[in-house]
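Chemist: Order-wise, the sequence lines are chains A and B. Sequential numbering from 2 applies to the first sequence in our numbering. Sequential numbering from 2 applies to the second sequence in our numbering.
It is possible that some hints are incorrect.
The list treats identical chains as one, so a pair stands whether inside a single copy or across any two.
Said to hold, decoys possible - Calculated lysine-lysine pairs in the DSBU-like style (CA-CA distance at most 35 Å, straight line):
# : residue 1 : residue 2
1 : Lys66     : Lys109
2 : Lys73     : Lys109
3 : Lys82     : Lys109
Keep in mind the hints are simulated off the structure, nothing from the lab. Computed from a predicted model, the values in this text were never measured in an experiment.
2 protein chains.
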Amino acid sequence: MRLTAHTDYALRVLIYAAVEPASLCTIERISEAYGISRNHLMKVVQRLGDYGFLETVRGRGGGLKLAMPASKICVGDVVRKMEDDLAQAECFRPEQNSCVITSACGLKHALSTALEAYLDALDQFTLADVTRNRKALSRLLDLDPAA
Amino acid sequence: MRLTAHTDYALRVLIYAAVEPASLCTIERISEAYGISRNHLMKVVQRLGDYGFLETVRGRGGGLKLAMPASKICVGDVVRKMEDDLAQAECFRPEQNSCVITSACGLKHALSTALEAYLDALDQFTLADVTRNRKALSRLLDLDPAA
Numbered sequence: 002m003r004l005t006a007h008t009d010y011a012l013r014v015l016i017y018a019a020v021e022p023a024s025l026c027t028i029e030r031i032s033e034a035y036g037i038s039r040n041h042l043m044k045v046v047q048r049l050g051d052y053g054f055l056e057t058v059r060g061r062g063g064g065l066k067l068a069m070p071a072s073k074i075c076v077g078d079v080v081r082k083m084e085d086d087l088a089q090a091e092c093f094r095p096e097q098n099s100c101v102i103t104s105a106c107g108l109k110h111a112l113s114t115a116l117e118a119y120l121d122a123l124d125q126f127t128l129a130d131v132t133r134n135r136k137a138l139s140r141l142l143d144l145d146p147a148a
Numbered sequence: 002m003r004l005t006a007h008t009d010y011a012l013r014v015l016i017y018a019a020v021e022p023a024s025l026c027t028i029e030r031i032s033e034a035y036g037i038s039r040n041h042l043m044k045v046v047q048r049l050g051d052y053g054f055l056e057t058v059r060g061r062g063g064g065l066k067l068a069m070p071a072s073k074i075c076v077g078d079v080v081r082k083m084e085d086d087l088a089q090a091e092c093f094r095p096e097q098n099s100c101v102i103t104s105a106c107g108l109k110h111a112l113s114t115a116l117e118a119y120l121d122a123l124d125q126f127t128l129a130d131v132t133r134n135r136k137a138l139s140r141l142l143d144l145d146p147a148a
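Same shape as in the complex, but just chain A (with noise of 0.2 Å):
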């Protein structure tokens, strides 16, 4: 029932990123701030990029900004697109199941169905809520709380 390290960090990116409107924030600030590898974070930054979640400027002066306000992000929206593989059981992966009772059994349509509650639930918080503390994150992040 854990996340991925890269839906975790994109997580953290999305966030740092919505404490920080007012400018462009760079990988390198992310990585000292959260203590991340810079070398994850530009996997994560350009896949939520490509999801239409971050903006980014290349080049002197670039880095990323949200693409859209923070109310408009649902975490669950992050969770489905970052998780490579939702897949909970054997089951739900028909190329590598070797479950016998799968065309009889009844647990895959439960897990699904719990799998949908929970990306419902999430989809009830939206990055805002998540960074309502706006002045504590940007402190513990070294943000210049004025910004």
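Since the structure of chain A is provided, determine the placement of chain B on it from the hints.
Modeler: Frame of chain A, contents of chain B only:
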């Protein structure tokens, strides 16, 4: 978002026992039916016994059976008990957490809420529900369909 192998196997063992309520099941037969190693199953069966889902009878002619009717066993309960770790991100494990924003971040609350929704949804399904196709399950598990 994947269940551990132990949770997956636990659910399979319970399904097997639910399909064959009239007699004691053996780990050997369950191991053959699913192609899962006996060693893994022994650990899983031990835990299912400890949690009160299975009754086990030791010795020659011994085996296992459900400790209560399948309609009384909620899938959510099995998952809650078998998943050692329902931590979805670092911040759920205070002793290993290195995320600097934990004290001000709203994400943990969102993820906790979603996890509850997931488990609540699973609680709507009993072992009886997921083994409703008993005849077909019995055939797929190589059990006597007349049993």
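Chemist: Between Lys82 and Lys109, at a C-alpha cutoff of 35 Å, which is it: within one copy, between copies, both, or neither?
Modeler: both (21 Å within a copy, 19 Å between copies)
Chemist: Classify it for me, Lys66 with Lys109: is the Cα-Cα distance of at most 35 Å met within a copy, between copies, both or neither?
Modeler: between (39 Å within a copy, 23 Å between copies)
Chemist: Can you tell me if Lys73 and Lys109 fall within 35 Å by alpha carbon in one copy, between copies, both or neither?
Modeler: The answer is both: 32 Å in one copy and 19 Å across copies each meet 35 Å.
When held up to the earlier numbered hints, the structure conflicts with none and fits them all.
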